[in-house]
Amino acid sequence: MSEKRATPLLDELEKGPWPSFVKELKKSADTPAVNDLLGQLERSYEEKIGHWKHGGLVGVMGYGGGVIGRYSDLQAEFPECAEFHTLRINQPAGWFYTSDALRTIADIWERHGSGLTNMHGSTGDIILLGAKTQALEPIFAELTAAGFDLGGSGSDMRTPSCCVGQARCEWACYDTMGACYDFTQTYQDELHRPAFPYKYKLKFAGCPNDCVASVARSDMAFIGTWRDDIKVDNEGVRAAAAGGVDIQKEICDMCPTRCMAWDGSTLAIDNSNCVKCMHCINVLPKAVKPGDDRGAAILIGAKAPIVGGALLSSVFVPFIKMEPPYEDLKELISRIWDLWAEHGKNRERVGEFIQRIGLGNFLEQIGLDPVPEMISAPRSNPYIFFGDEVSEGGQA
Amino acid sequence: MSEKRATPLLDELEKGPWPSFVKELKKSADTPAVNDLLGQLERSYEEKIGHWKHGGLVGVMGYGGGVIGRYSDLQAEFPECAEFHTLRINQPAGWFYTSDALRTIADIWERHGSGLTNMHGSTGDIILLGAKTQALEPIFAELTAAGFDLGGSGSDMRTPSCCVGQARCEWACYDTMGACYDFTQTYQDELHRPAFPYKYKLKFAGCPNDCVASVARSDMAFIGTWRDDIKVDNEGVRAAAAGGVDIQKEICDMCPTRCMAWDGSTLAIDNSNCVKCMHCINVLPKAVKPGDDRGAAILIGAKAPIVGGALLSSVFVPFIKMEPPYEDLKELISRIWDLWAEHGKNRERVGEFIQRIGLGNFLEQIGLDPVPEMISAPRSNPYIFFGDEVSEGGQA
Amino acid sequence: MSATKRLTDIGPPHYEKFLPPVVKKNYGQWDHHEILKQGVMVHVAKSGDKIFTVRAATPRLLNIATLRDFATLADTYCGGHLRFTSRNNVEFLLTDPANIEPLIADLTKSGYPVGGLGNAISNIVHTQGWVHCHSAATDASGVVKSIMDELYPHFVDMKLPGKLRIAFACCLNMCGAVHCSDIAVLGVHTRAPKIDHTSVPKMCEIPSVVASCPTGAVRPASVGGAQSVEIIEEQCMYCGNCFTVCPAMKINNAKTDGISIWVGGKVSNARSEPKFSKLAVPFLPNNPPRWPEVVGWVKKLVELYAENARKHERMGEWIERIGWPRFFQLSGIPFSKYHIDDFKHAGETFKRSVQIRQV
Amino acid sequence: MSATKRLTDIGPPHYEKFLPPVVKKNYGQWDHHEILKQGVMVHVAKSGDKIFTVRAATPRLLNIATLRDFATLADTYCGGHLRFTSRNNVEFLLTDPANIEPLIADLTKSGYPVGGLGNAISNIVHTQGWVHCHSAATDASGVVKSIMDELYPHFVDMKLPGKLRIAFACCLNMCGAVHCSDIAVLGVHTRAPKIDHTSVPKMCEIPSVVASCPTGAVRPASVGGAQSVEIIEEQCMYCGNCFTVCPAMKINNAKTDGISIWVGGKVSNARSEPKFSKLAVPFLPNNPPRWPEVVGWVKKLVELYAENARKHERMGEWIERIGWPRFFQLSGIPFSKYHIDDFKHAGETFKRSVQIRQV
Ligand code: SRM
Ligand code: SRM
Ligand code: SRM
Ligand code: SRM
Ligand code: SF4
Ligand code: SF4
Ligand code: SF4
Ligand code: SF4
Ligand code: SF4
Ligand code: SF4
Ligand code: SF4
Ligand code: SF4
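For the protein sequence lines, the chains are A, B, C and D, in the order given.
Mapping to the working numbering: the first sequence position 59 is 59, numbers consecutive.
Mapping to the working numbering: the second sequence position 386 is 386, numbers consecutive.
Mapping to the working numbering: the third sequence position 237 is 237, numbers consecutive.
Mapping to the working numbering: the fourth sequence position 261 is 261, numbers consecutive.
Check the hints yourself; a few may be wrong.
[Claimed, not checked] Residues on chain A that point at chain C, a partial pick, calculated with CB under 10 Å: (1) Gly69; (2) Asp73; (3) Asp210; (4) Trp226.
[Stated by the list, open to error] The calculated EDC-like cross-link candidates involving lysine to aspartate or glutamate, where the alpha carbons are at most 16 Å apart (straight line), are: (5) B:Lys23 <-> C:Asp149; (6) C:Lys311 <-> B:Asp253; (7) D:Lys5 <-> A:Glu142; (8) A:Lys15 <-> D:Glu150; (9) A:Lys23 <-> D:Asp149; (10) A:Lys231 <-> D:Asp149; (11) D:Lys194 <-> D:Asp149; (12) D:Lys337 <-> B:Asp253; (13) D:Lys17 <-> A:Asp100.
Source of the hints: derived by calculation from the structure; they are not laboratory data.
As the structure is a computational prediction, the values presented were derived from the model and not from experiment.
Even for Gly, the Cβ is constructed at its ideal location relative to N, Cα and C.
One chain only, chain A, in its complex shape (with noise of 0.2 Å):
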């Protein structure tokens, strides 16, 4: 091994009262390829530029995706870091371990690389950071053998999560760890053999609440809602404004379609008009709760700002009960696959295939009826393409 970086400028990230990525690197100072990443890294810092390579293909055998591929550029200097690929490994779903879970990765990734990790993602998988080619069959025959497998990277479905739902938050409108667990394992396939366009992503969150960021960053966000009307205990609410909650400030005022009244002892909402975001629950989680006719809001299309700009997810079915198998659901899912795959262009999101073919084409082809909750209001563009049903005395 080559002599120990000198890294001051890092140093200087050791200190502080927020715990320190260079103490962690330095945890394994005496690993070769993290002593080679901390010298290049210090170059970094120096120099103010990344000092990494293209991926090209690396992987592991059948799979397509799962692997980042990632080269130094500074190989000669730093030849313990020439390579140094990522693995995406598939988080459990709602990140639950156990002590001895965690112990069984550790070992696995200390026998076999640099042991960084990122615990997690930004999709939510397990990072592991820094491999050598020659190590990634090994590696994966160990995980699997543990019972873990690789998450997803290029045009496939990524690694779905999940909020952490039923198993500890009261909110959950359904089972996110269940559907999160569900749709992955049945689709392995498109999770680790690229054939879409491009990637995408699931992201299953209890209640409005997002706590996953579905609509933000998900082609398929499921968040749970309810139908019925809210549970209002107005003892609890009593409580809560004698404990100094201000209800007509906090709650009624804040409601964003200002739906509730309150005459200091009881809150009155008129449901027809509450919208589900939460804000009145979420203030007095032990006076109000969401209903109990409970179910997910589907929602399609977010991205980031590549290629057409960034989107948010959009209303796609207002709601659905969420119960396993979900058969209907993955009906659906196969048509959006289907007429993507074969019209989208590539690198195309889904949500930029849908505004280039228009939302209302889309749902034709696929079978969905439109319904005015999927809109925020209708067109006031008078450009529209009418079909031969509007004509010759008809109406539309």
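Starting from the known structure of chain A, fit chains B, C and D with the ligands onto it as the hints suggest.
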């Protein structure tokens, strides 16, 4: 003259309480052109299709606009309205007339045309509806002799128009009629001789109620507003309350920024958050009034859908004192017209032009500083065209 | 040619010549106003002077005989002073309140009803239609007359929650502010233009025609050896802009032209910001002379608004408060793919949240 | 190759294997929760059972040594049970409240502070930066560490008006939900890529490169006889997408790469709909190891929010209530043309009304 045209379908429209355009037409049924017009219109009602052809270039000497050429496509059957052009006569600001002025117009139009008018066209002109080509010059001579002139058409400045303003409205924050007249006179050449990429409309509204719909249909909208505090006469407010106005519900709760508070006897306004929407003033015209430091906001770029979609105009100058001779404004307008004339595409309205080249660039070109009042929110997409000033340790 | 110099570029007459003396005196010095009853309002100046306004409907298409009648009324009751409004009503300007009722009686007798003030339906801003325009997908005056005959009570009464502005345009050029109206009635073509290939080379500049199409549906083509254009029909949404620049692209179609209805736009800044009207009824057939389907829907929409909106709320403000899904439910308009925008900024109209009223 | 069958497509382990018994028992039967103090909350089941959560910060980039330490703590205090959160914190799941304080003491001692609950700043969602990614315009972990050292009090306290979510991404690909964060810190390139014309033909598919550019700035060109591409510099806005598909279009630039700051986004549907973050500070230089300019601005923005927002209001809700002009005034950020959108839907961000706060 050919025999009187039968109009059984149109006759239906003589019935009913609303004033009938058919009756208006028939008041000139003895005029051959109108008799044939009635015939052709009846035919349109039978066949459900119009019978006019494109205009072509007709007009008066030295002018490029002001006349819309129109020909029948059933000339053989309705020869008397074979040529049926309209003249656009620049209306007096605010649409004020004396009885004599009306009679003068009526007399000229009786001598040379169909006797049909629109009081007024959607842009604001007096429309004389139905002239033969050979009548145009004589009409023009008589009109100018009587002190009237043509308005705009084609790719020129269009006839400016304005709300009644200070002539009869207590809310007018500047002299709309004065400004409208002044700009109209200044730009006689631009009005009469099309030299722009497309039309350019100016409208003047005295306050944010915008009674001349300038925000929706003028390339440049001058909308009165004020900078200082609203004037509240609390005695008046109490009187209104006593008279049945629910101040909390009808005023405070409907204020867009909820910047008002009513304790049953005093209406308090947080003027720093008042957006000058006019609502409280509209509902309480005796008690609440605009401030004294009055002027206008200038907006740019409204248009109908063709080609790129409809636009509302957008803030360009958040506040300016509107004082004759409006030199700064005219200077600004020149710079806009120069830039647009040079770089605008054929049939590209200024609002579309700005979107194409970018508002930031547009401002830079005409030398106006960007201010946050021009936008509803800063950009969310990260596709920023950084200039050279952003670099090498600098900061933007 | 006459010997006198030809006058040009004199501009309109100066408005001051036409102002009533009380206006000249109190110009910019008005203090407040009051609606005395439907159709009659008074403005009071700081000086204490008053001007009374009597507003009457006109069909906009006015005969010079009518102009002369108005002039006579103005002479009789108003010292010769009157004006027109931005919505084509006529306003008589009086100083002597004693003249109000006789004036109203005369106007009513001649068929020009008095009203349109305050929380009412005023005149319909409209366009030329079959009376004068070549692009019209329907008539203008006839539709307007048919609608207003039905809505007349809302012109002479003042029982609506707020102002309700209706506008009409006969084609997508939308002459008038129809795109920002409480209710917009809009003529629409629904089939691609038919190209007269023999005329194209004579009458049209091919590059302009190609450039005119918002969706790029027009492209140059050689037909029978001659230069012409062709239309990719799936890409055409019948805007008629190619027809505007090329008369050989005939868009009018007796069988398939008709009318669409749009709701919830506004222009004023009062309470909410100005907004575009949104599609309500995609298509109704042309049924002259009285367009019963169109009249029926407009009336229904007005009634729905009248019953449900809160005081001062405009149509669009009411709909936004209750949400579009409920609007479709209440109105009974079947929601279809036509309601979903698919032009340039379509994505901006998708519902990008789960804030949904779950029925 | 081993003799045993190669396992594939087994998917992740079933989560049930990892759930604490109290969770298994009360799955879907939780009744309410309460934050006991910063970093500690209790969830109470309908059965009356309780689960206590202690949340601690991690730098996300974790050494296996640390994973083993966490495992040990879990064994000691939690029957071996823990989880991670969607923002890369670790949560220890306890049933015995007596274990809470000892656990906190151990965590604190090891440098993993406890907090991030409720109206506080939680961990920064972030990306790879110079540690692993080829596109990075800046480092990720270093910037995050520098910011959080400064904002640490807001992690261990709970004194903010609402939750404040910060996210970081090192390039416009924006891995992570940075585009919808209260404060988003985003690495930006500010110069067009430099093309290595000798490598283009070998490494890149020219049509894909041309297609990759959002603004059409890339076009095919023949350079020195070989097929390559060229960039129309005025049309390039440095997104780096061409570099993603073609390594020969090098975008990283030590001198001109830097950081931009965006504000007011959110994800939850609480009160207001989810929204994008909007540009606040267009560009700050890379100044490792502590990025003082970036840290300074983020801190200033947090403080502004802390002082001015109402209880429960998120950053973006506060700004919308006071209006963007006032936000620029209060923050002292000079408003420039960079703040004005000029991409596809730019016009939708223009202020299309006169509802203006006149200073
Ligand atoms: C590792 C990870 C960042 C992290 O540090 O957490 C990551 C890393 C990369 N992302 Fe990402 N993305 C990661 C989550 C995301 C997310 C967040 C999410 O999934 O919730 C997004 C935004 C949501 C979305 O999908 O739009 C995201 C949007 C992108 C994009 C832009 C996609 C777009 O449509 O705009 C690219 C560009 C591309 O695909 O070519 C991209 C590309 C990349 C590449 C593969 C770089 C490239 O040019 O090909 C990065 C490899 C970095 C490396 O060296 O390891 N990454 N990427 C995340 C995956 C970890 C995991 O599996 O758990
Ligand atoms: C007469 C009038 C309608 C009316 O009955 O009142 C009218 C009539 C025509 N307009 Fe208009 N426009 C009239 C006001 C408007 C308005 C309203 C306004 O000015 O406030 C608009 C919407 C605002 C705007 O400018 O965007 C308007 C938007 C159009 C357009 C679409 C322009 C666009 O940028 O989208 C066209 C198409 C064109 O220019 O080729 C158009 C074109 C036309 C033409 C010239 C038809 C054509 O294809 O060339 C029409 C001639 C009709 C005829 O037979 O006389 N007209 N036009 C209005 C002018 C009267 C006057 O001078 O007072
Ligand atoms: C005469 C006229 C101006 C002119 O120069 O011709 C005018 C005159 C007045 N308007 Fe207006 N408005 C006139 C067209 C408009 C328009 C333009 C239009 O309709 O195309 C608007 C914008 C409409 C829109 O938003 O779509 C308009 C929006 C208002 C408003 C705001 C109403 C709202 O709540 O949105 C007020 C305030 C009010 O009535 O409370 C107002 C108030 C007034 C007042 C009370 C102002 C005053 O103190 O004198 C005037 C009598 C009101 C009335 O009609 O009830 N005026 N007013 C126009 C009469 C048209 C007509 O014949 O009906
Ligand atoms: C553990 C976690 C879910 C998970 O599966 O990992 C979680 C857990 C809880 N969230 Fe969350 N949220 C978690 C990420 C999120 C996210 C996603 C994100 O930050 O990227 C959001 C969306 C943020 C946004 O809008 O930008 C989120 C928006 C909320 C909200 C809505 C806050 C708001 O006013 O907008 C609540 C309600 C509240 O706190 O009043 C909430 C409430 C809660 C509750 C109280 C739910 C419950 O009853 O158990 C949990 C503890 C709250 C806390 O942290 O104060 N959770 N929560 C995530 C913890 C992240 C962390 O380590 O800090
Ligand atoms: S999204 Fe809802 S159900 Fe899921 S953890 Fe957050 S608050 Fe609970
Ligand atoms: S959930 Fe939201 S919309 Fe429904 S009552 Fe509560 S605050 Fe209002
Ligand atoms: S726009 Fe304002 S000033 Fe002009 S008439 Fe209407 S209310 Fe009066
Ligand atoms: S003018 Fe409008 S914004 Fe200002 S106080 Fe009155 S209602 Fe509120
Ligand atoms: S709306 Fe169309 S058809 Fe009607 S007048 Fe204007 S251009 Fe002609
Ligand atoms: S009618 Fe409009 S959409 Fe159709 S071809 Fe002509 S310009 Fe294009
Ligand atoms: S944000 Fe960009 S630089 Fe950072 S990890 Fe993602 S792709 Fe790489
Ligand atoms: S960096 Fe982006 S904008 Fe510039 S040439 Fe490459 S793809 Fe186009």
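When the hints from earlier in the document are held up against this structure, which numbers fail? 1, 2, 10, 11, 12
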